[in-house]
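Protein chains: 2
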Amino acid sequence: MTEPQPIPSPLGTLSRREIPDLVRSQLEALLKQGDLQGAKAILIPVQPVDIAEAIEGMPEAMQAIAFRLLSKQEATEVYEHLDTSVQQVLLEDFKRQDVLDIIGNMSPDDRARLLDELPSKVVRRLRAQLSPTEWQSTALLMGYESGTAGRIMTPEYISVRENMSVSQTLERIRTLSPVAEIIYYLYVMDSERRLTGIVSLRDLVISSPEEQISEIMTRDVVFVHTDTDGEEVSRLIQRYDFLAIPVVDREQRLVGVITIDDAIDIMEQETTEDIYALGGLQSDGDNYFEMSLWTVARRRVVWLFVLLLTNTVTGSIINSQKDLLQQVVVLTAFIPLLTGTGGNVGAQSSTVVIRGMNTDEIRLLGPLKVIWREGIAGALLGTILGTLATIWAYFLLQVELWVAVCVGISLIAISILASVSGSALPFLFRAIKLDPALMSAPFITTAVDVLGVLIYFNIARLFLGL
Amino acid sequence: MTEPQPIPSPLGTLSRREIPDLVRSQLEALLKQGDLQGAKAILIPVQPVDIAEAIEGMPEAMQAIAFRLLSKQEATEVYEHLDTSVQQVLLEDFKRQDVLDIIGNMSPDDRARLLDELPSKVVRRLRAQLSPTEWQSTALLMGYESGTAGRIMTPEYISVRENMSVSQTLERIRTLSPVAEIIYYLYVMDSERRLTGIVSLRDLVISSPEEQISEIMTRDVVFVHTDTDGEEVSRLIQRYDFLAIPVVDREQRLVGVITIDDAIDIMEQETTEDIYALGGLQSDGDNYFEMSLWTVARRRVVWLFVLLLTNTVTGSIINSQKDLLQQVVVLTAFIPLLTGTGGNVGAQSSTVVIRGMNTDEIRLLGPLKVIWREGIAGALLGTILGTLATIWAYFLLQVELWVAVCVGISLIAISILASVSGSALPFLFRAIKLDPALMSAPFITTAVDVLGVLIYFNIARLFLGL
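Residue numbers (UniProt numbering), protein chains in the order written: chain U, 1 to 466; chain A, 1 to 466.
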């Protein structure tokens, strides 16, 4: 038996035997320094079989990190070369807290640059081994950001091949049903694990036993990718009345499914976020009633502070009109009425528009037509309310007629202003990629309050000839 | 052949032959007068077979009305006595506009008193014949009020018997699947059409063909009644992760099913109503963007009018403090800040509580603890904001120190008041059976605005020694 000869290799003239050892020691050194970028770089020219051997010799905490630094193509091959027991240990390592900490501490950008997709085979095995909670905590290591399909998917599906018969498939279902909860859809994969079709249990049951899956499957499959946003996923499920939707990776390999009950939970959470945003609260899906009071106060104070700031602007404007108010002190009595009504009209318009955006009702009309409609509605409402306010001021508060008329005219102007800004701001915020629900309310309040008192005082000055 | 002899009957000594004719003419007269109560009364002592014959001789528009006036028990028997072709015509009659108008014009109370449940057999046949739109328009005639399970259910289910084998059942599915879209659950009924169990398609597929349905069915069925509220239905489906839920009548006879996609639509609509209510809008599930502007204005003006009224109260209070304001006109500058912040703090508390109520999070804590928590949060927020406002007023607006302190103290008091009333009012409204989402906002605004300015002016008077 001859010793293997030194051969030319990117790592110099080492004997094949020495390569895994050298790679291992270099990797360990770089990982200890925390230089993940460097570690990734030195792995590129190395053969999968050598990387596999190098990884087998590393301490456990490092194995998982080193494996995650491989490109998807490489990871697939390296994984195949690992001993079955080491494959298992590696999957276990993904749960280790020190491993999670290293990836968790990186910025999302770094993470996205560093971590390629995991091979679908590894994802499937990993997802099946982890509890939902463990999956949540290892999801960053997988490269799945919060709220994406990769985070939400479950591995409990049954896959079949095109050339299986209906009766073979039914047999497979009987065998696998204890481990796969959701069997109303079966997913058809080719030899590369690529999703090629879908068969519902219904189709299966009403077909004759000899038919082939390829004859009864639907080839026009609606699927999502691991990085598809959860809200988009639940919208698709709802739109098509699906019971589940498959999740695939970049090469259209099936890695999991998302079921309708999870989609409903996502919808509920998104709704809570929208409602909280409209009510001026931050939310990230935690259970509000389990938070500490300090967290509660922190979540709310930012928003209140913004509103306090806008109120100080209004206050400063009023303060600058002291001469006018000293002269006609009764003008003060109408400030809450004007700003309050303006705020309410604006809130109505923005509520309608924000809810309409989320339920796709608005696309049929287009922003300009919506804003125009709201403006007219504001004018109508302003006229009705302005008339009532004038009557109330003149007859019940018995102010001078010009003051009463001034209040009425201001109310019409403020209502139009409020309904136009209330309907326009959500579109504007969406256009600049801010959450319409979160951002509209304080800006509407600002615009309406500040401009509202300005309009009021200027109309009053006109009447007074000041 | 002997003529039937006159026999004693509640209708006097008529020959059996004459009874249907007499009943028919009496009924026609009463129905023409619109006396449905009277018509119902005269039917009570008559034998089902005679009623059937009487109905067969009536003009079409009256047949359906007369049939609907029967008690459920009687209706079942009368229906059995009708000729198949007449059964069919009767079902057609339920679609007639003049028939629908008669029932539609009655008050809900009268309707509920007059109309007993329809026999499940008739419901099933009727539901299967009518399109969803036709079902909606005839639903009042059925006695199903808007938003109840009876309105939403579909008749597309497959029923099986306990003593059928798995293979027989699969055969039945193959036969019926073109007409029954939803076959993931099969419903087990006894000879009386009573729901006794449920079998999922999954259970069926993984069982051996010889097993009996009674061996594999789940007997612990979760069902709803025709008058169960749609929101409750969708909550049940969501809670148990069902794909569908059966709808039964009073005798637990299966009349339809509600599927998860319909439940999702209900949830979406309820959410829109909640969001609209929080934004101060009325909603009844119409598409807002298809309404005329007059309808839009009408929907909003009621709410705005209520808020205008509360603002006039605030205005009157300010007006009554003219002496104070004349003396220290700068006090005016802080009114929008105080009422605005109070409104925002109150909105946050009520949003959290209202959303929590709908998602059942709050039951774990109980109202008192929730209100207490909110009160403390309000005190915390008020202290932070009050301090900021005092600093701003003193250093930037350069008002006198006592004015700045007065603003700060008022802000703390108003925040506590706002968070307590914002969290307490939804519970109060729920207790008196008003929609918390719809009713809370204007009351919080009133309470906070009115009490807020009162607190502010009184604290100011204290400082001034007035």
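Mixed in with the good hints there might be a few duds.
Claimed, not checked - To list a few chain A residues with every Cβ distance to chain U over 12 Å, as calculated:
1) A29
2) G38
3) P48
4) Q73
5) E77
6) D110
7) P132
8) E290
9) L308
10) G382
11) L434
Claimed, not checked - Derived coverage of chain U by chain A (criterion: at least 3 residues anywhere in the stretch with Cβ under 8 Å from a Cβ of chain A; other residues may be distant):
12) 299-311
13) 421-434
No lab work stands behind these hints: they were computed from the structure. Think of the CB as a built atom: it goes at the ideal place given N, C-alpha and C, for glycine as much as any other residue.
Verification of the hints:
Every Cβ of chain U is farther than 12 Å from the Cβ of A29(A); the closest lies at roughly 50 Å, confirming the non-interface assignment. Against chain U, the non-interface label of G38(A) holds: every CB pair exceeds 12 Å, the least being about 47 Å. The Cβ of P48(A) lies farther than 12 Å from every Cβ of chain U, with a closest approach of about 41 Å, so its non-interface assignment holds. Taking the minimum C-beta to C-beta distance to chain U, about 38 Å, the non-interface status of Q73(A) holds against the 12 Å cut.
Under the 12 Å C-beta cut-off, the non-interface status given to E77(A) relative to chain U holds; the minimum distance is some 37 Å. With a cut of 12 Å on Cβ distances, D110(A) stays outside the contact zone with chain U, its closest approach being about 35 Å. With a closest Cβ-Cβ approach of about 14 Å to chain U, P132(A) is found to remain outside the 12 Å limit, as its non-interface label requires. Here E290(A) does not stay apart from chain U, with its beta-carbon only about 8 Å from theirs, under the 12 Å limit.
Residue placement check: L308(A) does not keep its beta carbon more than 12 Å from all beta carbons of chain U (closest about 6 Å). Distance to chain U contradicts G382(A) as a non-interface residue, since its nearest Cβ pair spans about 10 Å, not more than 12 Å. Distance to chain U confirms L434(A) as a non-interface residue, since its nearest Cβ pair spans about 19 Å, more than 12 Å. Restraint check on the segment 299-311 of chain U versus chain A: 8 residues with Cβ-Cβ distances below 8 Å, three needed, restraint holds.
With a cut-off of 8 Å between beta carbons, the segment 421-434 of chain U has 0 residues touching chain A; three or more are needed, and the interface restraint is violated.
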